[in-house]
Amino acid sequence: MSHHRIRALVRLLAIAGGIAAPALGGGAWAADPADGQAVYKSQCSICHTVAPGRNSIGPTLFGVVGRKTGSAPGFHYSPANIRANITWEPATLDKYIETPRAVVPGTIMTYSGVKDATKRADLIAYLETLR
Amino acid sequence: MRPGAASITTIAFLLALGTASLLGPASAQPAPQARDIPQSLMVEHQETLARLAKLVERPPPVGPQARKVLELYKQHTAREQAFILPPLTLLLPMSEGKVTPDMRWAIPMTDRVRAEQEQIYVEHATMIDELNLLLEAARTANDADGIDFAQTAAADSLNDLELLVPMVLVIGDYLHARLPPAQ
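Quick note, the sequences are listed as chains A and B, same order. End of the first sequence sits at 131 in our numbering; the numbers just go up one at a time, nothing left out. End of the second sequence sits at 183 in our numbering; the numbers just go up one at a time, nothing left out.
In short, the hints are calculated from the structure, not lab data. Possibly wrong hints are sitting among the right ones.
What the hints assert, rightly or not - Capping the alpha-carbon separation at 25 Å, the derived lysine-lysine pairs in DSS-like fashion look like this: (1) A:Lys68 to A:Lys119; (2) B:Lys54 to B:Lys74; (3) A:Lys115 to B:Lys68; (4) A:Lys95 to A:Lys115; (5) B:Lys68 to A:Lys41.
To be verified - Covered by chain B, according to a simulated footprint, are these stretches of chain A (three or more residues, beta-carbon under 8 Å): (6) 45 to 59; (7) 78 to 90.
The C-beta atom is built at its ideal place from N, Cα and C for all residues, glycine as well.
Could you put the whole structure together from the sequences, leaning on the hints where they help?
Below, the structure is given as structure tokens:
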């Protein structure tokens, strides 16, 4: 059975057993930064680098966990992102990555969102390594 | 524009034309007038279409994914050319301080852009989803042109939302403020 299938099965069993979905930290399964890096490459890298200080179409994702919205040095943010006043912790990132425009109305990050909770958890686990 | 919305619009337009022809010339409504868009944007659209047409010819996985992007891009640019970009042709005369009643044609367009901002955003987000897939396909195929196209198109998408759409909205507000309501 593949790594992905095992994780999906563990998740299913956790949900079936009434365990709160532990998408973020301390859950029944561990998010995988390596899988998260693949999610980053396929979903985020078109606009974001992970290099320190290197902004692109979007701000660098290096150091994003723990950073406040609208605060990456050298990046010109939309007013919506500046106003949002959110600190990007795993829980806030999870909601934002799922539905960006719902969390920051008016954001011009043109992205529909990652709907798969496991992929989001993996992605956030990867982002947490970028320090 | 989503295919469903495009189809409904097309059907409504054809029905309107059909009704007008049945009623005869005396009561026929004038067809919506196509307006120019800034030449620089016209050239940009043509170049994008040409690059995409070349990518469509590539073998899988790039070619089929490029075709999806191409279809989406055609729908998107049709809407842009219909009502988003034409008001931008007024920027030059407005920058010279000229606001004249014959510019009133742009007001319904800018009003529509304001009303459809969310849909415009969704279109761009959908485009980025497909460009992500194209980027992935191009990386798999080690296709440098495909990679460059996807990344450049993503930047263009931001340009639309960061510059072009806000400019159109400002033009609309300015025209509303400077031109008295039509009699």
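Hint check results:
1. A:Lys68 to A:Lys119: It holds: about 23 Å lies between the C-alpha atoms, which stays within 25 Å.
2. B:Lys54 to B:Lys74: holds, 15 Å
3. A:Lys115 to B:Lys68: holds, 21 Å
4. A:Lys95 to A:Lys115: holds, 10 Å
5. B:Lys68 to A:Lys41: Given that 25 Å is the threshold and the Cα spacing comes to 20 Å, the pair holds.
6. 45 to 59: Satisfied; 4 residues make the cut.
7. 78 to 90: violated (count 1)
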